[in-house]
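When we follow full-length UniProt numbering, the leftmost residue of the sequence shown carries the number 1, and every step to the right adds one.
No lab work stands behind these hints, which were simulated from the structure alone. Possibly wrong hints are sitting among the right ones.
[Unchecked claim] Quick list of in silico lysine to aspartate or glutamate cross-link-like pairs, DMTMM-like style, CA-CA up to 20 Å:
no., residue 1, residue 2
1, K82, D66
2, K200, E182
3, K82, E98
4, K422, D412
5, K150, D223
6, K180, E136
7, K180, E98
8, K200, E357
9, K200, D239
10, K65, D96
11, K150, D66
12, K82, D96
13, K366, D392
14, K82, E357
15, K180, D237
16, K82, E136
17, K82, D171
18, K65, E102
19, K65, E148
20, K200, E148
21, K200, D223
22, K200, D412
23, K65, D171
24, K200, D237
[Stated by the list, open to error] Pair ranges (Cβ atoms, derived):
no., residue 1, residue 2, range
25, A304, T368, 18 to 26 Å
26, T368, G111, 15 to 23 Å
27, K150, P106, 22 to 30 Å
28, G53, A320, 32 to 40 Å
29, A314, R286, 28 to 36 Å
30, G111, I175, 39 to 47 Å
31, D147, F344, 38 to 46 Å
32, S363, A417, 49 to 57 Å
33, T232, G311, 34 to 42 Å
34, S269, R104, 24 to 32 Å
All C-beta atoms, glycine included, are put in the ideal place defined by N, C-alpha and C.
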Amino acid sequence: MESWSRTGSKVCGYLILVQPLETAISMKTPRIRLVAFVNNPTYEFFPPKNINGYNGLQIPSQFFKDTLPHNTYPHVYALPNKKLFVAANNQAMLLDWESNVETRLPNFPNGQRVVYPMNAAGILLPLTLSNNYTPEVLICGGSHISDELKGEQIDAQQDYASAQCSRMVLDSAGIAGGWKVEYMPEPRILSDGVLLPNGKILIINGGRTGVAGYANAQNRIGDSNADNPIFTPLIYDPDLPVGQRFTQANMPTSSIGRLYHSVATLLPSGAILIGGSNPNDDMQTRPWASEYRVEYLNPPYMSATRPTYTGLPAMVNYGATFTISVSIPSSSTLVKVVLMDLGFVTHSVHMDQKSVELVSTLSADKRTLTVVGPPSAPIYSPGPGWIFVVVDGIPSVAQRLIIGTGEAPPRDDAATANMLAKTANPISGPHF
Numbered sequence: 001m002e003s004w005s006r007t008g009s010k011v012c013g014y015l016i017l018v019q020p021l022e023t024a025i026s027m028k029t030p031r032i033r034l035v036a037f038v039n040n041p042t043y044e045f046f047p048p049k050n051i052n053g054y055n056g057l058q059i060p061s062q063f064f065k066d067t068l069p070h071n072t073y074p075h076v077y078a079l080p081n082k083k084l085f086v087a088a089n090n091q092a093m094l095l096d097w098e099s100n101v102e103t104r105l106p107n108f109p110n111g112q113r114v115v116y117p118m119n120a121a122g123i124l125l126p127l128t129l130s131n132n133y134t135p136e137v138l139i140c141g142g143s144h145i146s147d148e149l150k151g152e153q154i155d156a157q158q159d160y161a162s163a164q165c166s167r168m169v170l171d172s173a174g175i176a177g178g179w180k181v182e183y184m185p186e187p188r189i190l191s192d193g194v195l196l197p198n199g200k201i202l203i204i205n206g207g208r209t210g211v212a213g214y215a216n217a218q219n220r221i222g223d224s225n226a227d228n229p230i231f232t233p234l235i236y237d238p239d240l241p242v243g244q245r246f247t248q249a250n251m252p253t254s255s256i257g258r259l260y261h262s263v264a265t266l267l268p269s270g271a272i273l274i275g276g277s278n279p280n281d282d283m284q285t286r287p288w289a290s291e292y293r294v295e296y297l298n299p300p301y302m303s304a305t306r307p308t309y310t311g312l313p314a315m316v317n318y319g320a321t322f323t324i325s326v327s328i329p330s331s332s333t334l335v336k337v338v339l340m341d342l343g344f345v346t347h348s349v350h351m352d353q354k355s356v357e358l359v360s361t362l363s364a365d366k367r368t369l370t371v372v373g374p375p376s377a378p379i380y381s382p383g384p385g386w387i388f389v390v391v392d393g394i395p396s397v398a399q400r401l402i403i404g405t406g407e408a409p410p411r412d413d414a415a416t417a418n419m420l421a422k423t424a425n426p427i428s429g430p431h432f
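From just these sequences and the hints, can you work out the full model?
And the structure:
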């Protein structure tokens, strides 16, 4: 089977956002939306929630004010301690949304800027039993150019992206130790970081030079503010020593440039779906036109003999035990059960993407796995999830289930009414 394959027809889809330039993250209570729209440095809850005196209204954020002008599409991760990690521009914080307290983290080293228009790939690394569900973040790529430069002062072909990856453990010792820096083999901007079920990270798409956006950089390609696409994806193994984590071994090379507005996402099969890129309108004779072809990438594990399982319940509550029947090689030595949220993606921001290893016990005859649901909602938010059985690094095809009780988030009709009464009619704004 070819590692790169293309569909024979156009694939369409859409993501509805109430306001542009936002990031949404699901939690144990209503979904939170962090809206950083140029002159609106706020966050809010959906459904609206009466909290910290704002009664359904947008809540001002000093962090988003301080990170202007480049704080759109922030990287946001829900953490096991109920707080949110937020990164924008070259800064990061922890947001205690229950008390509306922002705790600043060290700035990214070397002036690394990580959100639009200097989009970097961001990942919350897998929460595993061996790391006791201690959160750790990885931000790769972006740019080191000044946020004071105007578009026409940026060179689409000559201003190189960042090759830097910044990694931090989000406990007291890790924060005190600051960001740990390592480097990709090449600079990348506009790339995607995709969690794989075997615990590794796929870094894919993007280019070596320029920034996101349209028609204002110098030496642009038509309207494209970025150039020099990267055609070969990269695998990052967070468990290997520094200096050995990156590899492109056995990774195929595409012939399609994926720049601004390109995406990649994990499928339940374990393959990666890749699409998009429209730095220039429609069909063009020059690079880089709107791209209507869709590809899928088969990571190396797709060609291995893969485990299978049956008997997954439709719904599993927190801490509940369930049993599945498995078919795995008799020589298997390491069997894991991984719960994943595949998330949704735009502008290099993979919202809700998460990987959580569950407690599991393999029977003596290796035919049955007894599994325990996630311990709490802060570790994995209520809602859909996908279960992979991973045997010696080779994942099964995933099956879907619901975590929690399946009930909708609580609604506060008074907060909703207050929001509607005090929110102006939406005004059409620019599209990014």
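How the hints compare with the structure:
1. K82 <-> D66: Measuring from Cα to Cα gives roughly 24 Å; hence the hint is violated.
2. K200 <-> E182: holds (16 Å)
3. K82 <-> E98: holds (9 Å)
4. K422 <-> D412: holds (16 Å)
5. K150 <-> D223: The hint holds at about 16 Å.
6. K180 <-> E136: holds (11 Å)
7. K180 <-> E98: violated (29 Å)
8. K200 <-> E357: Holds, because 13 Å separates the two Cα atoms, which is no more than 20 Å.
9. K200 <-> D239: holds (8 Å)
10. K65 <-> D96: Holds - the C-alpha atoms of D96 and K65 are around 17 Å apart, at most 20 Å.
11. K150 <-> D66: Since the Cα atoms of K150 and D66 sit roughly 18 Å apart, the hinted pair holds (cutoff 20 Å).
12. K82 <-> D96: Given pair K82, D96 holds - Cα atoms ~7 Å apart, limit 20 Å.
13. K366 <-> D392: holds (14 Å)
14. K82 <-> E357: Between K82 and E357 the Cα gap is close to 18 Å, so the pair holds against 20 Å.
15. K180 <-> D237: Judged against 20 Å, a Cα distance of about 15 Å means the pair holds.
16. K82 <-> E136: holds (14 Å)
17. K82 <-> D171: At roughly 13 Å apart (the allowed maximum being 20 Å), D171 and K82 satisfy the hint.
18. K65 <-> E102: holds (12 Å)
19. K65 <-> E148: holds (15 Å)
20. K200 <-> E148: violated (36 Å)
21. K200 <-> D223: violated (35 Å)
22. K200 <-> D412: This hinted pair is violated, its Cα atoms lying about 40 Å apart.
23. K65 <-> D171: Cα-Cα ~26 Å, so violated.
24. K200 <-> D237: holds (5 Å)
25. A304 <-> T368: 18 to 26 Å: holds (22 Å)
26. T368 <-> G111: 15 to 23 Å: violated (53 Å)
27. K150 <-> P106: 22 to 30 Å: holds (28 Å)
28. G53 <-> A320: 32 to 40 Å: Given range 32 to 40 Å: holds, Cβ gap about 37 Å.
29. A314 <-> R286: 28 to 36 Å: Violated, at about 51 Å.
30. G111 <-> I175: 39 to 47 Å: violated (20 Å)
31. D147 <-> F344: 38 to 46 Å: violated (27 Å)
32. S363 <-> A417: 49 to 57 Å: holds (54 Å)
33. T232 <-> G311: 34 to 42 Å: holds (39 Å)
34. S269 <-> R104: 24 to 32 Å: violated (41 Å)
In this structure, the earlier hints numbered 1, 7, 20, 21, 22, 23, 26, 29, 30, 31, 34 are contradicted, and the remaining ones agree with it.
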